[in-house]
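Go ahead and model the full structure; you've got the sequences and the hints to work with.
2 protein chains.
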Amino acid sequence: MKRDFAIGEMIVSIVNIQDFGVKPDQERDATVAVFRAIESCRELERPTLLFPKGRYHFWPNKAVEKQYFIPNHDQDKNRRIAFPLFKMKGLTIDGQGSEFIFHGLTLPFVLDGCHDITVKNASIDWERPILSQGEVIEVGDGTFDVEIPKEYPYEVVDGNLIFLGEGWTEPCKGIIEMDSSTRSPAYGTGDYLNYGSYLKFRVEELAPGRIRYHGAGEQMPGIGNALIFQCGYRDCPGVFINNSTEIELASINMYHTIGMGVIAQRSENITLNAFNVMIKPGSGRLFSTAADATHFVYCRGTILLEGCLFENQMDDPLNVHGIYTPIAERVNENTIMIQLVHSQQRGALVASPGETVRFLNRKSLLPFELGVVKEVKMLNPEYSLVTFTQKLPESVGAEDLLENISWRADLTVRKCIARANRARGFLITTAGKVLVEQNVFSSAGAGIKISGDGNYWYESSAVQDIMIRNNTFQDCNYCYPQWGQAAIDIDPEIKPDPPHEDCYHANIRIEGNRFITFHPTLVNANSVDGIVFTGNTVERSERYPATVSSMSTLSFRNCKNIIIENNDFLEDQQQGTIGSETIDLRNNYASLMLDELWKEKGIAF
Amino acid sequence: MKRDFAIGEMIVSIVNIQDFGVKPDQERDATVAVFRAIESCRELERPTLLFPKGRYHFWPNKAVEKQYFIPNHDQDKNRRIAFPLFKMKGLTIDGQGSEFIFHGLTLPFVLDGCHDITVKNASIDWERPILSQGEVIEVGDGTFDVEIPKEYPYEVVDGNLIFLGEGWTEPCKGIIEMDSSTRSPAYGTGDYLNYGSYLKFRVEELAPGRIRYHGAGEQMPGIGNALIFQCGYRDCPGVFINNSTEIELASINMYHTIGMGVIAQRSENITLNAFNVMIKPGSGRLFSTAADATHFVYCRGTILLEGCLFENQMDDPLNVHGIYTPIAERVNENTIMIQLVHSQQRGALVASPGETVRFLNRKSLLPFELGVVKEVKMLNPEYSLVTFTQKLPESVGAEDLLENISWRADLTVRKCIARANRARGFLITTAGKVLVEQNVFSSAGAGIKISGDGNYWYESSAVQDIMIRNNTFQDCNYCYPQWGQAAIDIDPEIKPDPPHEDCYHANIRIEGNRFITFHPTLVNANSVDGIVFTGNTVERSERYPATVSSMSTLSFRNCKNIIIENNDFLEDQQQGTIGSETIDLRNNYASLMLDELWKEKGIAF
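Chains as they are written, first to last, in the UniProt record's numbering: chain Y, 1 to 605; chain B, 1 to 605.
Any given hint could be a false lead.
If chains are identical, the list can't say which one is meant, so a pair holds when it fits in one copy or spans any two.
Straight-line Cα separation of at most 16 Å, EDC-like style, residue types lysine to aspartate or glutamate; simulated pairs [to be verified]:
1. Lys66 x Asp76
2. Lys120 x Asp141
3. Lys89 x Glu39
4. Lys87 x Glu268
5. Lys377 x Glu39
6. Lys66 x Glu382
7. Lys150 x Asp191
8. Lys391 x Glu375
9. Lys200 x Glu394
10. Lys173 x Glu565
11. Lys495 x Glu399
12. Lys374 x Glu581
No lab work stands behind these hints, which were simulated from the structure alone.
Since we're looking at a predicted model, the values are computed, not measured.
Structure below.
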């Protein structure tokens, strides 16, 4: 049943899934066998659970169920989990190149309260994805016709397009148009057929597998393009990592999920190595996961992504952030009630005893006070009582925000490719040390977006130290003006009223990157103290028509300590704006000396 | 804030809710204050939480949320709890006559993992009940018209009657017709306007507060009668007692709940003293709780109900039972997978390590083997893996049932009144010692029902020792043939195939009761070994027309060891049937001597 090997000084225990009653390439449900195999690993020293190479199937009906409030997913759900890794230590799961095929609303992996876990060498896919796909075959006057292959069963009921899956029936909620030649969101499209814009349509079935959309506006999809039909909810991410440390996902191909690829929360030291969110080869699909490829909320230690491919997922490839939590009420001199407002943040544990938080003004997002947490009582997913070790100053009250600063991750992203997905590239709002190098971005929106928002998404935090170097930004912003103004878009949602001296973000260096672009604006930045743009080169791309934007090549507002040096711009992209000032980019620009800036900030990269 | 008193040797700590920011008769939400007061009790010795007499209000939005699979309620719900008593010890909550008014989907009390708790001297009601009420004002050809008072806001949408509440909008799902003179379900009605029978109706609004039902059949409601409109789900019982010991509810008037009055599970020694589920005085309502008054699943120790009134609730006043759980699969020689099939049993913990279960044939419900549980792993609310300390015999397999015999309560019900509710009186299927005495039953169905079922409700168990003495059965079965055949109806759902010698139930004594009745059948019994009917008297009631039934006054099938002695029957009710045999009740009847029977069973009452 298990074998022990000595590797150097280390005992390794091997558990083979075949000993629990499933074999590769069987059509039967492997869920209970996997559960029993995982449980048997608890008694072993550094166990490895091996899957002989082949296909394994997972259905939800006998899967472990647990209620999780998974951040940035749909809440109030009991999840059915195929690989429930609860409080495991030192475990490796090695698929040895196996395919894990999921059915219906099944969540592949949960790592909760785990330490030192590796999952490797497997692909993840669904027998029937929650997304469907069709091809535009005709465009008429206010109508367009779509052919839907048999693998995406559907029905038309009262003018609505309803897709049918394994244990689910979901109306189409929107469409993303994919260019069949670029295999990316079509130029200039974005969400024009998605969300609210989709509500106007009435669908008619012309023949089995052929439907007509009535009610189309001026902008029409291109004949031959693929339409991705969005359905369902963010129920089942590929991997949910919660309260865990030292986690590695390696050589994983994630072809689909009903949610994000990886979502991690309150976890420390996470490595993704050749973790690929990608189109399933030979599938004919132009989609991968139904939401972001990777997403990290209130993590710490180091998040390392290396050699990953992120393509064709229906939202951003990477987002690293914390949570700004509004204060609902001052209960007494050392207790406040906080409120998680965004529906996909409900249930998050915002702080724990001993952690340090800071209080911020809700408009400026600037901090004005610190506090150390003594006790947290979560009343419900929306409201918690937080008691502090000290009396709270009178200035802290309802309408302010709380941010936990004990959880802020360092981030390194290296040699990754982000392309052809809906929305943006990397969303980075972590106060840790960030290095983004040798990546290739080809995003429909901004390649890198650095925001921060205390009123709608409630995503913190102000960045403190970001190096973006030696990346290639190839044809970003091809759905401009949607999803970002520039290849690198720094746009915190702040309303300083009255205006003030302090900036929100700090210390962003953009060095030695290559911009291959048809879009005029490379960097758009608001409220950064210390922004450096040096040694970058720009090349003209003919892939898409040049877009029209009133913004300059570099556009900085409310920034200070700016250095622009030794770049190689295009002939017709030599104009920058710094506040109300127009500058000539053929000359170097420095609002202070580089050395002084970094000396002042005490930063050495 | 708190005061300590020495009562004898005992220190009592008093906590006053006023010290947490609420006063009696304030319209504001008391929920957070109650939570903080309860939490403050954790640090005290034998605390009493006092409410100065008055009205207190509870809304759900800041209430503690927890997911519970509450037995015999609707599942997969996160409950908002006004009094979350989690792992409390030695606590008394004294309302001092206060009214607790709940709003929307709020669950008043959860006692989970508690020991030695008393809740007393309070009433429980909702500002807007989940039930609504109207009056029949006209009956036409296939139509009837109803007047609905303003306190039950509604709208009519597409022929459907929708009621509007605080945070809820629910379609009417059925109607119970209440006789305005008897204030009970109308004679001969039952569920004729409820559940499936309701689906045929189309509703028209004639004027504000006046609606017409179209599609009525032959049976019409009586003009002047009240209609109770059933809405919503069993979301919020009044008191949920889980994994707790030594619990007392005393002098509680429960005017309404969105579910049962009290539901207890895996708890030990529960006393209900003057716990009244009743019509709110002066309210004009003819309903109380939306489901059973009290319900106990897999409890043990003693359940004592004394001096309680149960009236006008929309289901039975009392049900004491365990759970028959089907075996889905034999996993290996000492492990089985079990499956909770009924949707309202999902999530129940069926067994724990160290507990003894028995295996039963699914058709006969007769046990054939015992097992001692080593480990239980709940996969999800439906499936669990149960491992036993010993190898399971080959005879145990899929299609058999498992019953936990470590949880079986003794039950004493004394001086209670059960009347005017939908459905039956007391449902008793516990193998513990049962004493039912000095109660008054006036049930629409059977006054006492002793069933047992392994195929639909999955409610165990066979009874072993029941004494029913000195009760008054006044006008039971006025909705005959619905809800039971006789005042005392013993009808286990068994299909012995082939027929066999063993009986399902055992040792039921019916002694010294007074039957005041218009209905011909007093006792209907199937499969009882040891049934005694002695010293009972029968009086003719003129309250309702005599019902027509083909059954005898006493009707026993598949019973053995029967004694019928010294009863005083009505002149025209002198016929009994024992199997295919007709007996003359003017003579005593004994299939064996009384002493021998009890000696054989080893029972002394």
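Going down the list of hints, with the structure as the test:
For the homomeric pair Lys66 and Asp76, the shortest alpha-carbon distances inside one copy (11 Å) and between copies (11 Å) are both at most 16 Å. Taking CA atoms no more than 16 Å apart as the test, Lys120 paired with Asp141 passes in neither setting, with 51 Å inside one copy and 72 Å between copies. Proximity of Lys89 and Glu39 under a CA criterion of 16 Å is satisfied intra-copy only: 12 Å inside one chain copy versus 34 Å between copies. For a Cα distance limit of 16 Å, the shortest separation of Lys87 from Glu268 inside one copy, 15 Å, qualifies, whereas the shortest one across copies, 32 Å, does not.
When the C-alpha separation of Lys377 and Glu39 is checked against a cutoff of 16 Å, the pair qualifies only between copies, where the shortest distance is 10 Å, while the shortest distance within a copy is 32 Å. Taking CA atoms no more than 16 Å apart as the test, Lys66 paired with Glu382 passes between copies only; the shortest distance there is 12 Å, against 19 Å inside one copy. For a Cα distance limit of 16 Å, the shortest separation of Lys150 from Asp191 qualifies neither inside one copy, at 26 Å, nor across copies, at 46 Å. Taking the shortest Cα distances, Lys391 and Glu375 sit within 16 Å of each other inside one copy (13 Å), while across copies they are farther apart (48 Å).
In this assembly of identical chains, the alpha carbons of Lys200 and Glu394 never lie at most 16 Å apart, being 50 Å within a copy and 63 Å across copies at closest. In this homomeric assembly, Lys173 and Glu565 never come within 16 Å of each other (Cα to Cα): the closest approach is 47 Å inside a single copy and 73 Å across copies. In this assembly of identical chains, Lys495 and Glu399 lie within 16 Å of each other by CA distance solely inside one copy; the values are 14 Å within and 67 Å between copies. Proximity of Lys374 and Glu581 under a CA criterion of 16 Å is satisfied in neither setting, with 49 Å inside one chain copy and 77 Å between copies.
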